[in-house]
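Chemist: All chains should be modelled from the sequences, with the hints used to inform the complete structure.
Protein chains in written order, with our numbering: chain A, 1 to 247; chain B, 1 to 347; chain C, 1 to 67.
Mixed in with the good hints, there may be bad ones.
[Unchecked claim] Only pairs whose alpha carbons sit at most 25 Å apart, straight line, appear in this in silico SDA-like list of lysine to any residue:
#, chain 1, residue 1, chain 2, residue 2
1, B, Lys8, B, Ile30
2, A, Lys2, C, Glu64
3, B, Lys207, A, Pro134
Don't read these hints as lab results, they were simulated from the structure.
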Amino acid sequence: MKKLFSKPESLTDTDHKYCPGCGHGIVHRLVAEVIDELGIREKTIGIAPVGCAVFAYDYWNFDVTEASHGRPPAVATGIKRFLPDRVVFTYQGDGDLAAIGMAETIHAANRGENITVIFINNAIYGMTTGQMAPTSLLGMKTTTSPFGRDPKLAGYPIRVGELLSTLEGTTFLARCAVDSAKHVLDAKKAIKKAFEVQLAGKGYSMVEILSQCPPNWKKSVPESLEYVRKEMMSYFPLGVIKDKTKA
Amino acid sequence: MTTKRLMKGNEALGEGAIQAGCGAYFGYPITPQNELTEYMSRRMLEENRVFIQSESELAAINMVFGASVAGARAMTSSSSPGVSLKQEGLSYMAGCELPGLVVNVQRGGPGLGNISGSQADYFQAVKGGGHGDYHLIVLTPGSVQELYEMPALAFSLSEKYRTPAMILTDGILAQMQEPMEAVKIDTTRDENRDWILDGCKGRAPRKIRSLLMEEGALEAHNRHLQDKYNLIKTQEQRYQLINEQAEIMLVAYGISARVCYTAIQEANKKGAKLGLLRPLTVWPFPEKILQELALKVKAFLVVELNAGQMVEDVKLAVNGKTPVHFYGRAGGACVTPGEILKEIEKI
Amino acid sequence: MPKIIIAQNKCKGCELCILTCPKKNIRLSQKMNKKGFHYIEIIDPDKCNACGLCFQVCPDVAIEIWK
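Modeler: Below is the structure:
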């Protein structure tokens, strides 16, 4: 008998603290599988964010450091510039990446830092139990937008990939989802491509992954998958946003 | 053989850091420390080392965090408002036990203040500065020569104790040109860096973290940090003492100590017995020598370019045994030797 | 016949695999694991063709498939 599907080496056996149905665990596994397949586990340094994925260092079986809220791109810059032959990636949520850390995000991208950014967009602050995020959809009810996100009060959800695509420094930008097996497999392809871009020294790569957050969305798991498909995907379209390697 | 040359404080500090093996420098423009960032932008590239003009002081300190994680002698510099922005990163570095060097070329505050030299960030530098119970190792150079030599000591202490260090200087010293000697800098490093993240080849993966949620874990970590700080306190108090037999002892560091030198010379011409205790570390604070001096001198006069900050530490060390007086000027103003002598007359 | 190993104590009963299985061959057990979740079980091992889609969507890496 042959093992067809099992835990990749780059994941530890530690149980995830994530809520049932959360997409983080899936993406952790995809990152680990890609790192295994590329044979780079022993030269990879990951950066865990502040947010739900704050414990990511417990789940990955390679070197991982924490970073203060929003600063993973700066920390990644410091590591990668000093050790350019290592593989460096950040793993960040929407609050970390697109609110408090937007300056670091934009400038790391603009410098064309040869790093990979894995961006989980679940349109909400999960760890702090459901406040409005920079990517919360219009009308979305959260604990800090109890009447629904009103653009007059809180502006509009930010399409990070499209925003970064205007910067000359970015090489590969894609948006994926983990609401279905097909999308999970697509996400893995994009993550692999992003790491390959870094390995080839081609510069900044970012994969945004739309993820469900059933408890903070106050939805069942099936309802939250429907929300990803109907509401999120219509505002945040899936696909490759920019691929300079093809130019 | 070395020869004397004329150098500006900011540039001497930069060259000293380079000679000390600084592998990565990250900076953001702010007066009066710009010459340092400018100097590094040229010299670090010449030496094939890492230089980035960051998008902010927040980014700069977190780049230092990253480079330190990766094993570099990493450094950033700024002036007061920018150093305020770095406090969060410094707290994380202290929590994660990462070495690194931050230079504060102090200017007048609070707020945007002005761009004159000042010593108003003393509390911020020695009491922690960011959130949580921690200390930086804080060195206080008093000349362009010391600005050149102190980065090596700062890196070395920072690595020895795995905690961030600060060089606390000011806009006057940093802008001053003085003859200095490019003495040979000791670049010896502790080679046992079994905590850095450089990929887990041939070893178990490492994690760098300050988040400790398990029952009792954070308290245990804090106890460990305090043990380390207590060790630093016993081992690393540094100072210079002038006229040990003086009746009145001035206490001042950095630029205010320079003014005190002149005051002492003038006072001694008139036969007054005036001395100076110049802390070279303000954390750990040289409290042992202060306790000894408290039994000998009639009074202390603490001179600072602020409204009275280090004077509190002097009072804590002296603990009521001897009167402690204060003279200072805030808001970027500088004391003069004449003003100090007038204060002495009042005692 | 493939062998499906379910790490019962890792499963949080989120049902993503149940919603995904093309053969509708997964259900929640009546029993609970040590975390207090009803964990998943395969209804009919003979019906499973080891497509692995359940593995792909499992956030807790609770499923291992051999063939």
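Chemist: Check whether the Cα positions of Lys8 of chain B and Ile30 of chain B lie no farther apart than 25 Å.
Modeler: Holds, at about 17 Å.
Chemist: Would the pair Lys207 of chain B and Pro134 of chain A pass a check requiring their Cα atoms to be no farther apart than 25 Å?
Modeler: 29 Å, violated
Chemist: For the pair supplied as a hint, Lys2 of chain A and Glu64 of chain C, is the alpha-carbon distance within the 25 Å limit?
Modeler: 11 Å, holds
Figure legend: structure checked against the earlier numbered hints; the only hint not met is number 3.
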